[in-house]
Structure formats: C-alpha cells, structure tokens
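Asker: Whole structure, please, built from the sequences with the hints as guidance.
Residues in the sequence shown are numbered from 1 upward in steps of one, following full-length UniProt numbering.
One or more of the hints may lead you astray.
To be verified - With a cut-off of at most 20 Å between alpha-carbon atoms, the simulated SDA-like pairs for lysine to any residue come out as follows:
1) K177 to Y143
2) K58 to P110
3) K177 to P340
4) K177 to W167
5) K177 to K268
6) K268 to M245
7) K225 to P198
8) K58 to M76
9) K225 to T173
10) K177 to T160
11) K225 to P340
12) K177 to D229
13) K177 to S223
14) K177 to T53
15) K225 to I62
16) K268 to P340
17) K177 to S237
18) K225 to Y298
To be verified - Have a look at the derived ranges for each label pair, beta carbon to beta carbon:
19) L41 to T81: 32 to 38 Å
20) T15 to P238: 16 to 22 Å
21) A68 to N48: 26 to 32 Å
These are computed hints drawn from the structure, not numbers from a lab.
Beta carbons are placed, not taken as given, at the ideal position from N, Cα and C, and that holds for glycine.
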Amino acid sequence: MNPLIWTTLIISLTTSTIIVMMSHQWLLTWLSLELNTLSILPIIMRSNHPRTTEAATKYFLIQTTAAALILMASTMNALQTGHWTIMQSTSPLSTTAITVAVMMKLAIAPAHLWYPEVLQGTTMTTALIISTWQKIAPLTLLYLLINHLSTNTMLLLGLTSALIGGWTGLNQTQTRKIMAFSSISHMGWMITALCLNPSLATLTMITYLIMTTTMFISLAMSSSKTLLDLGTSWTHSPILLTTTMLTLLSLAGLPPLTGFMPKLLILKELMTMKLLVFSTMLALTALPNLAFYTRMAYLTTLTTPPNTTNSEYKWRFKTTTSLLIPTSALLTTLTMPMTPLLYLTT
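Answerer: Here is the structure:
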C-alpha cells in the first residue's frame, strides 16, 4: 500500500475516533463512526487474499447495520424530543436500538459471532487495531448513554459476554480467534464496570488496551498463528518468551499481575452493592479464560515441539523486537501495586 494512503487512513481513523469522543450531537457521531468504518476497510483488505476480502465484507456489513440503527434511533429521538443531543435520549425504543447497535460494534454477546471470523481473516497488526483502537469510539458512545440505558440489561449482557467469551475460547487452536474470544470476555467485564462506576470502566479499558497490545505484539514478533507455533517462540528470544508467558497470565487475571486489578475492583464494587449472586457468577466466568490462557502459557514455556517449524531455522536470523515491548510488558505485569493510586485518579 502506498505510504501516503496508509498515512491518510491512519489520520482518518484517529480523527474520527477523537470526534466521537468530543461530540455530543447524534449526526456528527454517526458521521464519525461511518468514517471510522470506511477508514479501516482498506487496512483490512491490504493483503490480497480471499480471507481478507471475506473479513472486510463481514466487518462492513456489521458496522453499517449498527450505524443504520444509530441513525434510526437518533432520528426517532429527535422527533420525540426536538433536538439531536446525545445526552437527552429518553425514548425507550431509541435507547433499545442504540443498545443493540453498540453491542454489535463492540462484539458483545449475543452479537459477537462476526468478531472471531474477522480477526482470523486479517493480519496480526490489523487484528490489533480492530481489538484496541476500534473499540474506543463505541465505548465513548456507551459512556455518554449509560445513564439512559437499562442497568439490568447491561449487567445481563456483560455476564453473558464474559461467559460466552470464556467457554467458546476453550475449543480454539488459532491464536487470533483465542484473542477474539478473550476480547469478547473482557468487553463483558468492561460494560459491567461501566454500570457500576465510569472511573472504574476507564481503568479497565486502559488495562485491557495495554495487555491486548502487548499480547498481539508478542504474537506478531514470534509469528505464532496457532497453539503449536507458541512452542517455537524459544527460537526467537528468551525475553520475548518470558513476555508472552507473563502477558498471558496477566490476561487470565492472576495476581499479582496487572490483569488481576480490574477484576478485583469490579468484584469489590459488586459486593459493595450487595450483588452477591451476580458477582459470584461473574467470578466463575473467569475460570474458562484462566483455563485457555494457562494452556497457552504452558505451550509457550513448558513444551518443546516434536518437529521443526514451518519457517526453517528461525534462530539463524536476527531477532526483530518492537520498541513497545519493554514498556508494554512492564505495564502489563507490574502495575498491580499502584492500584489505589490509579483507581482514585482515573
């Protein structure tokens, strides 16, 4: 792809997300979301392969359907209230349509089936963008609307997403699909946090972005596309191997790593609000995630593959490491002692 085109697409992605974060008008938000979708499509299709075309088509259909629902909901809200302000969404029908649209954009269960297929059909770098940056704009819209949405519905969707993301990830062997179901599960925890405390949701989102970025960079550096490829990471560098293992355990939510922090705080908030049954069920949904993350960590560090890798003699080539690896690995593993500071200042 031409560097000028690539730069233009990145600027368009960034600008559209920032506009959504700053806008309080329905039409401008809808326009920015559409621009965001159109900017990511050439990035998905930049490798000439039928799987990328299929992924781009699925992504386009889902995102435009969600955008059409948002436009319909904003129009109905404007007819009933007489203005286009996001903060004044009072119509039950429009809030229901917006809830469905945001769930589709964030791939929250039960509107999640497109997400693993799209990530599997793209490169690791594109999957990283879809899993991190593309979540920010819909989450910003959800932040603005959370006071007008049904709390019970949002909590139920969060629990369902956390449960389905964990259980369906158990049977996967492709690392991108595992990361997709991991993202679905984390989105469930995130909207649960958003129902409890917006500051806690911000901290959860930042933690998710850091851990997911570190994991995708590690997988891209080691060219690990399946679980069998994880066992060959030792041929790249011991530092990358250690980073991958610690990031996996942090994503699983094991103390004293960073991933344990948001789950601990969310469960504490639920217990404070006397939601004992819900907090117990949400904590149990973390067990399937722990199972497949531990399996990935085991395959990464404690097994030697029975045969050589598909790309011959990896150890003879100079290892390329990203400059983001040291910083992101540090944030992924050692932020837990700073929990009181981060929680009180977000």
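Asker: Look at each hint and say if it fits the structure.
Answerer: Each hint tested on the structure:
1. With a CA separation close to 27 Å, the supplied pair K177 and Y143 exceeds the 20 Å bound.
2. For the proposed pair K58 and P110, the alpha carbon gap of about 16 Å is at most 20 Å, so the pair holds.
3. Under the criterion of a C-alpha separation no larger than 20 Å, the hint pairing K177 with P340 is inconsistent with the structure, at around 34 Å.
4. Under the criterion of a C-alpha separation no larger than 20 Å, the hint pairing K177 with W167 is consistent with the structure, at around 13 Å.
5. Only pairs whose Cα atoms come within 20 Å are accepted, and K177 paired with K268 is rejected, the gap being roughly 30 Å.
6. For the given pair, K268 sits about 27 Å from M245 by alpha-carbon distance, which is inconsistent with the 20 Å threshold.
7. For the proposed pair K225 and P198, the alpha carbon gap of about 35 Å is over 20 Å, so the pair is violated.
8. Between K58 and M76 the CA atoms are separated by roughly 27 Å; this puts the pair beyond 20 Å, and the hint is violated.
9. At most 20 Å may separate the alpha-carbon atoms for a hinted pair to count; K225 and T173 meet this at roughly 9 Å.
10. Distance check on the hinted pair: K177 and T160 sit about 18 Å apart at the alpha-carbon level, within 20 Å; holds.
11. Taking the CA atoms of K225 and P340, the gap is about 37 Å. The hint is violated against a cut of 20 Å.
12. The hinted pair formed by K177 and D229 meets the criterion: a straight-line CA distance of about 14 Å does not exceed 20 Å.
13. A threshold of 20 Å between alpha carbons decides the hint, and for K177 with S223 the separation of about 15 Å falls inside it, so the pair holds.
14. With a C-alpha separation of about 18 Å, the suggested pair K177 and T53 falls inside the 20 Å cut-off, and the hint holds.
15. Between K225 and I62, the direct Cα distance comes to roughly 25 Å. Violation of the 20 Å bound is thereby established for this hinted pair.
16. Annotation: proposed proximity of K268 to P340 holds, straight-line Cα distance about 13 Å (limit 20 Å).
17. As the CA atoms of K177 and S237 are separated by approximately 25 Å, the hinted pair breaks the 20 Å bound.
18. Restraint check for K225 and Y298: the C-alpha separation of about 16 Å stays at or below 20 Å, so the hint holds.
19. The hinted range of 32 to 38 Å is satisfied by L41 and T81, whose Cβ atoms lie roughly 34 Å apart.
20. The hint said 16 to 22 Å for the Cβ distance between T15 and P238, and at roughly 41 Å that hint is violated.
21. Against the hinted window of 26 to 32 Å, the Cβ-Cβ separation of A68 and N48 comes to about 30 Å, which satisfies the hint.
Of the hints listed earlier, those the structure fails to meet are numbers 1, 3, 5, 6, 7, 8, 11, 15, 17, 20, in rising order.
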